[in-house]
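A.B. asks: The primary structure of each chain is shown beneath.
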Amino acid sequence: MTTAVEIIGVRKLFGATTALERVDFEVGAGEFVSLLGASGCGKSTLLRIIAGFESPSEGSVLIHGEDVTRLPPERRPTNLVFQRGALFPHMTVRENVGYGLKVKGWERTRINSRVDEMLALVRLERFGDREPGQLSGGQAQRVALARALASEPQVLLLDEPLSALDLKLRQQMQLELRAIQKRLGATFVFVTHDQTEALVMSDRIAIMNNGRIVQYGTPRDIYRKPNSVFVSNFIGATNLLRGTVTSVENGQASLQTGSGTYVIPAIGSPLKAGQRMVLSVRPEAVRLQGEGARVSGLVTEIIYQGNNIRVGTRLDPDTIFWAEGRDDEFDGIAIGDTVALGWAEDAATILEDDGT
Amino acid sequence: MLPAGIFYVVFFAIPMLCLLVLSFWRAKGFELIPDFTLDNYHKIFTSPLYRALMLRTIGVAFTTALIVVPVAFAISYVMRFVFERRGQLILQIILLSLFSGYLVRIYAWRTILGKQGLLNSTLQWLGIIEQPLEFLIYSNIAVVITLSGLLLPLAVLPLYSAMLNVSRDYIEAARDLGAGKLHTLRTVLVPMVIPGLRTAFAFAFLLSAGDFVTPALVGGSQSMLIGNIVADQFRGIGSNWPLGAGMAFVVVAVMLLAYLTVMRLIRWITRW
Numbered sequence: 001m002t003t004a005v006e007i008i009g010v011r012k013l014f015g016a017t018t019a020l021e022r023v024d025f026e027v028g029a030g031e032f033v034s035l036l037g038a039s040g041c042g043k044s045t046l047l048r049i050i051a052g053f054e055s056p057s058e059g060s061v062l063i064h065g066e067d068v069t070r071l072p073p074e075r076r077p078t079n080l081v082f083q084r085g086a087l088f089p090h091m092t093v094r095e096n097v098g099y100g101l102k103v104k105g106w107e108r109t110r111i112n113s114r115v116d117e118m119l120a121l122v123r124l125e126r127f128g129d130r131e132p133g134q135l136s137g138g139q140a141q142r143v144a145l146a147r148a149l150a151s152e153p154q155v156l157l158l159d160e161p162l163s164a165l166d167l168k169l170r171q172q173m174q175l176e177l178r179a180i181q182k183r184l185g186a187t188f189v190f191v192t193h194d195q196t197e198a199l200v201m202s203d204r205i206a207i208m209n210n211g212r213i214v215q216y217g218t219p220r221d222i223y224r225k226p227n228s229v230f231v232s233n234f235i236g237a238t239n240l241l242r243g244t245v246t247s248v249e250n251g252q253a254s255l256q257t258g259s260g261t262y263v264i265p266a267i268g269s270p271l272k273a274g275q276r277m278v279l280s281v282r283p284e285a286v287r288l289q290g291e292g293a294r295v296s297g298l299v300t301e302i303i304y305q306g307n308n309i310r311v312g313t314r315l316d317p318d319t320i321f322w323a324e325g326r327d328d329e330f331d332g333i334a335i336g337d338t339v340a341l342g343w344a345e346d347a348a349t350i351l352e353d354d355g356t
Numbered sequence: 001m002l003p004a005g006i007f008y009v010v011f012f013a014i015p016m017l018c019l020l021v022l023s024f025w026r027a028k029g030f031e032l033i034p035d036f037t038l039d040n041y042h043k044i045f046t047s048p049l050y051r052a053l054m055l056r057t058i059g060v061a062f063t064t065a066l067i068v069v070p071v072a073f074a075i076s077y078v079m080r081f082v083f084e085r086r087g088q089l090i091l092q093i094i095l096l097s098l099f100s101g102y103l104v105r106i107y108a109w110r111t112i113l114g115k116q117g118l119l120n121s122t123l124q125w126l127g128i129i130e131q132p133l134e135f136l137i138y139s140n141i142a143v144v145i146t147l148s149g150l151l152l153p154l155a156v157l158p159l160y161s162a163m164l165n166v167s168r169d170y171i172e173a174a175r176d177l178g179a180g181k182l183h184t185l186r187t188v189l190v191p192m193v194i195p196g197l198r199t200a201f202a203f204a205f206l207l208s209a210g211d212f213v214t215p216a217l218v219g220g221s222q223s224m225l226i227g228n229i230v231a232d233q234f235r236g237i238g239s240n241w242p243l244g245a246g247m248a249f250v251v252v253a254v255m256l257l258a259y260l261t262v263m264r265l266i267r268w269i270t271r272w
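Quick note, the sequences are listed as chains A and W, same order. Under the working numbering, the first residue of the first sequence is numbered 1, with each subsequent residue one higher. Under the working numbering, the first residue of the second sequence is numbered 1, with each subsequent residue one higher.
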């Protein structure tokens, strides 16, 4: 796989505040990569640096091996889909989609056929003569996508393009975007704060926090093997049991927490007695268990979600431990019952306590 | 809408109608005689003096607008896209300058442009010129400069407020799609602020075309504008209201025509 985008040691300062701290990052050609993080984490700044709207304080940006750090946006082989579309209100849909081609000096017939092709791609063939003001939110974003893709950018950048849409439409557009990306074999870099969106669409996700990429991997890797408490908390829900390592022997360690002591595997990990660690267990890995139960407590919450049910069990005054499963798995459980819960050993992740 | 309509009728339509009726009357001494005569218009269209004044007025007004609108555009652009939120502060300062009053500002320009004025003495002190530049005062140039100075704040207001409605996203989208800065200006920013541009141009062009105080105070013997002669018809010895009314209507018609032509021109330039 060739590298489409390469970010090397990029820092960005706005006055005294640091928006990005030495970010190294790469996107393979044909990949769909999401930059995921809460607002202010630096994800949009990184995207704007790739697009050329911000210049990095340090470091460089390469696109297909070519250093574009000093190039203005109009000379970069990237196009950006804006959060609110930014369709030119004084032009029709066709004129919007053809704008970039006209700027590049294409001839009219070639522009026309390309615009037709693009409108077909986003299934808006019959909307060419509309004004942007006559489009719904979803249609406007599809036109913005068509406009950005029209001149075949080497990398398409998307800045939370779906965040203004309602849930149903957003889910539909996620699949559509993903399908278009696969069909064209294009490279997409997608900024979002919505973890579900990132999981659904991405080949890889870069999780950002405080101007850094804290983990970069496939959705499955990130979900199953978060490398920090921050990531395990940010992607999906999780139970966190904080404590201190009391002993390490025979490839097993004991973690003493406020709700009891847990045995955790310590093979190949440099665990030492006295370390502050966190055990992270996904709710869907937690099952009602008689034999080999690891925790027990009083059921305090039962949340029925239709396809799923979530059961909260109080382990100690500060800890509610969540289990999630199909609704029949928890038949007969009521608030106030005492339950014993367990999970498969490899379903738990042991993480350093970084205080988040 | 109704209050606005009433206002429009009472303060604009009715006076204009009275003036229109008046333009077909005759004057005998200070007496107005109701009539339906085209004499006034005949006089206006056959007089070489009026034609010369009209042409000069269009020239002066057009030159003023040609200076004011681009400068106001640049100022508004900087306020909106460079200073961003601090642009509001600059707007307050500009508004404050309007408080100083019209006549005071014309006199201020006189002290700047005069033979021993600020500009000449500065240039002499810097050694750029030996003798004061005579054309800076009591000339058409003085009229244009002064009118530009007077009208610039008025032109900034509509342009700045039009630009406030243009999100930076549009500018960035154009750049992102491959348009350079100038191309973006021409095909995206200018078309999006056309209403503001139109108002700014109307202020600069129509207000300078109608002005008669500035030519009287900083203009020379060859700087009289049509407004001076129209004003003369409404006051003092030799006044002739019906003729003045006729002139006023011809001025309105000519300026409207000139204005519409320029608007077409702007549309044509910003087609993309």
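Quick caveat, the hints were computed from the structure, so don't treat them as lab data. Check each hint, because a few of them may be wrong.
To be verified - Derived, one-sided and incomplete: chain W residues facing chain A with beta-carbon distance under 10 Å:
id, residue
1, 39
2, 42
3, 43
4, 74
5, 169
6, 176
7, 178
8, 180
9, 194
10, 198
11, 220
12, 221
13, 261
Note that the Cβ used here is the ideal one computed from N, Cα and C, for glycine as well.
A.B. asks: What hints, given by number in increasing order, does this structure fail?
C.D. replies: Violated: hints 1, 2, 3, 4, 10, 11, 12, 13.
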